[in-house]
Amino acid sequence: MEFTAKQIADLIQGRVEGDENAVINSFAKIEEGKPGAISFLSNPKYTHFIYDTQSSVVLVNEDVELEKPVKATLIRVKNAYECVAKLLQLYQSMMPKKTGISPLAFISEKATIGKDCYIAPFVYIGDGVTIGDNCTIYPNVTIYDGCKIGNRVTIHAGAVIGADGFGFAPNGEGYDKIPQIGIVVIEDDVEIGANTCVDRSTMGATVIHKGVKLDNLIQIAHNCEVGENTVMSAQVGLAGSTKIGAWCMAGGQAGFSGHIHIADKTFIGAQAGVIGNTKGGEKLLGAPAIDAKEYMRASAIFRRLPDIYREIGQLKKQIEELKKE
Amino acid sequence: MEFTAKQIADLIQGRVEGDENAVINSFAKIEEGKPGAISFLSNPKYTHFIYDTQSSVVLVNEDVELEKPVKATLIRVKNAYECVAKLLQLYQSMMPKKTGISPLAFISEKATIGKDCYIAPFVYIGDGVTIGDNCTIYPNVTIYDGCKIGNRVTIHAGAVIGADGFGFAPNGEGYDKIPQIGIVVIEDDVEIGANTCVDRSTMGATVIHKGVKLDNLIQIAHNCEVGENTVMSAQVGLAGSTKIGAWCMAGGQAGFSGHIHIADKTFIGAQAGVIGNTKGGEKLLGAPAIDAKEYMRASAIFRRLPDIYREIGQLKKQIEELKKE
Amino acid sequence: MEFTAKQIADLIQGRVEGDENAVINSFAKIEEGKPGAISFLSNPKYTHFIYDTQSSVVLVNEDVELEKPVKATLIRVKNAYECVAKLLQLYQSMMPKKTGISPLAFISEKATIGKDCYIAPFVYIGDGVTIGDNCTIYPNVTIYDGCKIGNRVTIHAGAVIGADGFGFAPNGEGYDKIPQIGIVVIEDDVEIGANTCVDRSTMGATVIHKGVKLDNLIQIAHNCEVGENTVMSAQVGLAGSTKIGAWCMAGGQAGFSGHIHIADKTFIGAQAGVIGNTKGGEKLLGAPAIDAKEYMRASAIFRRLPDIYREIGQLKKQIEELKKE
Numbered sequence: 001m002e003f004t005a006k007q008i009a010d011l012i013q014g015r016v017e018g019d020e021n022a023v024i025n026s027f028a029k030i031e032e033g034k035p036g037a038i039s040f041l042s043n044p045k046y047t048h049f050i051y052d053t054q055s056s057v058v059l060v061n062e063d064v065e066l067e068k069p070v071k072a073t074l075i076r077v078k079n080a081y082e083c084v085a086k087l088l089q090l091y092q093s094m095m096p097k098k099t100g101i102s103p104l105a106f107i108s109e110k111a112t113i114g115k116d117c118y119i120a121p122f123v124y125i126g127d128g129v130t131i132g133d134n135c136t137i138y139p140n141v142t143i144y145d146g147c148k149i150g151n152r153v154t155i156h157a158g159a160v161i162g163a164d165g166f167g168f169a170p171n172g173e174g175y176d177k178i179p180q181i182g183i184v185v186i187e188d189d190v191e192i193g194a195n196t197c198v199d200r201s202t203m204g205a206t207v208i209h210k211g212v213k214l215d216n217l218i219q220i221a222h223n224c225e226v227g228e229n230t231v232m233s234a235q236v237g238l239a240g241s242t243k244i245g246a247w248c249m250a251g252g253q254a255g256f257s258g259h260i261h262i263a264d265k266t267f268i269g270a271q272a273g274v275i276g277n278t279k280g281g282e283k284l285l286g287a288p289a290i291d292a293k294e295y296m297r298a299s300a301i302f303r304r305l306p307d308i309y310r311e312i313g314q315l316k317k318q319i320e321e322l323k324k325e
Numbered sequence: 001m002e003f004t005a006k007q008i009a010d011l012i013q014g015r016v017e018g019d020e021n022a023v024i025n026s027f028a029k030i031e032e033g034k035p036g037a038i039s040f041l042s043n044p045k046y047t048h049f050i051y052d053t054q055s056s057v058v059l060v061n062e063d064v065e066l067e068k069p070v071k072a073t074l075i076r077v078k079n080a081y082e083c084v085a086k087l088l089q090l091y092q093s094m095m096p097k098k099t100g101i102s103p104l105a106f107i108s109e110k111a112t113i114g115k116d117c118y119i120a121p122f123v124y125i126g127d128g129v130t131i132g133d134n135c136t137i138y139p140n141v142t143i144y145d146g147c148k149i150g151n152r153v154t155i156h157a158g159a160v161i162g163a164d165g166f167g168f169a170p171n172g173e174g175y176d177k178i179p180q181i182g183i184v185v186i187e188d189d190v191e192i193g194a195n196t197c198v199d200r201s202t203m204g205a206t207v208i209h210k211g212v213k214l215d216n217l218i219q220i221a222h223n224c225e226v227g228e229n230t231v232m233s234a235q236v237g238l239a240g241s242t243k244i245g246a247w248c249m250a251g252g253q254a255g256f257s258g259h260i261h262i263a264d265k266t267f268i269g270a271q272a273g274v275i276g277n278t279k280g281g282e283k284l285l286g287a288p289a290i291d292a293k294e295y296m297r298a299s300a301i302f303r304r305l306p307d308i309y310r311e312i313g314q315l316k317k318q319i320e321e322l323k324k325e
Numbered sequence: 001m002e003f004t005a006k007q008i009a010d011l012i013q014g015r016v017e018g019d020e021n022a023v024i025n026s027f028a029k030i031e032e033g034k035p036g037a038i039s040f041l042s043n044p045k046y047t048h049f050i051y052d053t054q055s056s057v058v059l060v061n062e063d064v065e066l067e068k069p070v071k072a073t074l075i076r077v078k079n080a081y082e083c084v085a086k087l088l089q090l091y092q093s094m095m096p097k098k099t100g101i102s103p104l105a106f107i108s109e110k111a112t113i114g115k116d117c118y119i120a121p122f123v124y125i126g127d128g129v130t131i132g133d134n135c136t137i138y139p140n141v142t143i144y145d146g147c148k149i150g151n152r153v154t155i156h157a158g159a160v161i162g163a164d165g166f167g168f169a170p171n172g173e174g175y176d177k178i179p180q181i182g183i184v185v186i187e188d189d190v191e192i193g194a195n196t197c198v199d200r201s202t203m204g205a206t207v208i209h210k211g212v213k214l215d216n217l218i219q220i221a222h223n224c225e226v227g228e229n230t231v232m233s234a235q236v237g238l239a240g241s242t243k244i245g246a247w248c249m250a251g252g253q254a255g256f257s258g259h260i261h262i263a264d265k266t267f268i269g270a271q272a273g274v275i276g277n278t279k280g281g282e283k284l285l286g287a288p289a290i291d292a293k294e295y296m297r298a299s300a301i302f303r304r305l306p307d308i309y310r311e312i313g314q315l316k317k318q319i320e321e322l323k324k325e
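Residue numbers (the numbering used here), protein chains in the order written: chain A, 1 to 325; chain B, 1 to 325; chain C, 1 to 325.
For the record, the hints were derived by calculation from the structure and aren't laboratory data. Be aware that one or more of the hints could be misleading.
What the hints assert, rightly or not - With a Cα cut of at most 25 Å, we get these calculated SDA-like pairs of lysine to any residue:
#, chain 1, residue 1, chain 2, residue 2
1, A, 293, B, 18
2, B, 45, A, 245
3, C, 316, B, 314
4, A, 279, B, 301
5, A, 148, A, 246
Based on the sequences and whatever the hints tell you, model everything.
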């Protein structure tokens, strides 16, 4: 498939600067541009690449001011990132889509699968599981008995939905296992990353609400709830019974104590350790997590602690001397 | 199956407050109660839910004092958490149990499997592996050649037992792999979480002792030993050759340096980074890990570091002025 | 197979101290030595084991001075760790090697597999994947469409190569998925740990360069690049578009922000959080990561923060009193 700069510009309501007949047939990162490719510039950190990129066409925001001429044809748009997303979606919609249930998957006879799903080889779907329409389940995913998956859900390879929550009661000699008789509910439009684990509830359900996006290697413990459209980066961990609100964001490797409530639109930085409730709207960092700006300011002083310690010693001495006088 | 409050109370030596003929047929979290369900109250944080829960029956500790009447029938017991565990165990013992070896599992001809095991589809069991009696191996688990699994062991989906330990010796141009010819030994009554990895030893064995419970996504490196009845939350990581004692607890995302000895009954908080030996009985937090209370106290001051820095500057000035005088 | 101490010493250019006819037929850790075994002493922490080890032969560095006689026969060598690696390699080269493609693997008809590969049961290899010669792919690995794997690559069980990068653009009501049409390229001599995830690129490729060794449960996000011979311990996480140089080392659970450049030979300690570029040669610790020594020095003072705070209060008072005078 080939398109001209003009055709692309018309599609995304952009304005061509340069050769409107420039032909593109592929996508490339701006720093790895090649003739025939379309690239985009959105992160200002990468602006210097625009002057030398080998790509034929570059999508760029209207307000980016350039300091010297560029070789590539530019398409000026309001939001280059959104436009490239649209083009990629268009591109992907023209590709053949995988559908159907692999004969190499194990689907319990007591499971229900909706319409137009793709279920890959080596997927295990247990008794009583229900899966909605238009779901994509990649290879080696395990969905334990009784879990409920909504519509348009994507689950990447190796993810485990519905393993037992981690509950053991000490009995003196060892532990009694607390049976985990609940389930996992995953609502519509959720995406679950590779090797991510969502544990079943002790009773009731662990719930991943509509529109949630979980990256890879995340741990969602039993009895947790993740609110609508919340996004979590890789390796985040939630301890049991914690409830996260809607439209929250959690950076990579962040951790949450059990039995806490995170209000809507809380932003938790990478590696933060959240140990208490939030009111919503906070940006948190550190462990235990505090206001992100406060954390960064305190961290800047942290490395000077040896100096501070020394100075206090000197101040003490000086005061002693003054007192003698 | 239906039971009356009286029947349940008799079973767990409780005392009924309210309608002893109240009928229950399911379990529910106290905050999600519904008619016909039995709930429990153990964590004091949830006490306020008892007044309005829709559940028909609530298990509650003898010593909980209530401030107003409750709708539900109460069963007073010594330890509500233990009692609900017992009821859940009873409930689960009445459910059909999965057994047998799935024809979709791969079991080496040179492996030995004990009695009454459940081995799910897409489980891989290598040459020379031995598995004891009454084990449950969930889908997509991989057990490499030569590993030894005890009795009553549960391994959740996606776990990997016996992958090569991480050993490479630099040779100038790259690395020579150090072959990992040891095995993994998992003793009786161990539970291993989903997608957790226990690496084989360079020589000898990586050992998970009797009664250990590992949550999901944990890394146990080569040559490690985890002592009896130690419990680790999700995403904990142990570097190579570290030995953990008995009855220890490690919170989520905690990390341990290599070649250290953690004595019995050490409690390591979430996200801690333990870099040295412990004597046993400590509660540790932070990275590098220190006494947990000390860490929390120091953390409370940490956020005031910018103020401290400013104040020291002011003190210096004031002392200079005093000196001049 | 049996060897005498003399035969081993000749093989590795060592010098025998003790009985050169001592016979060995197995390997053992020095602390778990047994008659007939060969052990090695490399880490000085373990020196005290040499006096009582039951092993028949111990490899030890030339320069290790012993304080009392040892029962075992010693073989003195320049580098005991390298020598044991050599012996283990020899041992392993005499063991039968797994080869061939399991009929229980799924290999797309549109994939290309090189010579002398081992592909285990329940491995999924998608359309357009190419795999070089002499690769070992353990069970339950998933390789998504289009990914390119070099020669002599080892991928441990449960690893996921080429899952979608984590890209979503908010649209007011939820998120639009940014299609991830790129691939993953894994070059020659790479080893990938169990349950590790390497995500496909938005466009172009996520690249793991020649000789890289990744431990278990690592997250490599989309558009990242990991330089030649870089080594990462378990549970490390890279956010998107970050580029790591050659010969770097990252300790367990370390995290890297997105869009940063880590120069060659940067050493990142366990649990560090790297948020900016490096120049190369640094040793970093902490989050945000700073010079490792500086971090350890500041950490030593950190626990005294409550004292520091109290002392500053006292200094203030004393100065006020001096002023009054």
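Hints and how they fare:
no., hint, verdict
1, A:293 <-> B:18, "violated (54 Å)"
2, B:45 <-> A:245, "holds (19 Å)"
3, C:316 <-> B:314, "holds (10 Å)"
4, A:279 <-> B:301, "holds (23 Å)"
5, A:148 <-> A:246, "holds (20 Å)"
When held up to the earlier numbered hints, the structure conflicts with hint 1 and nothing else.
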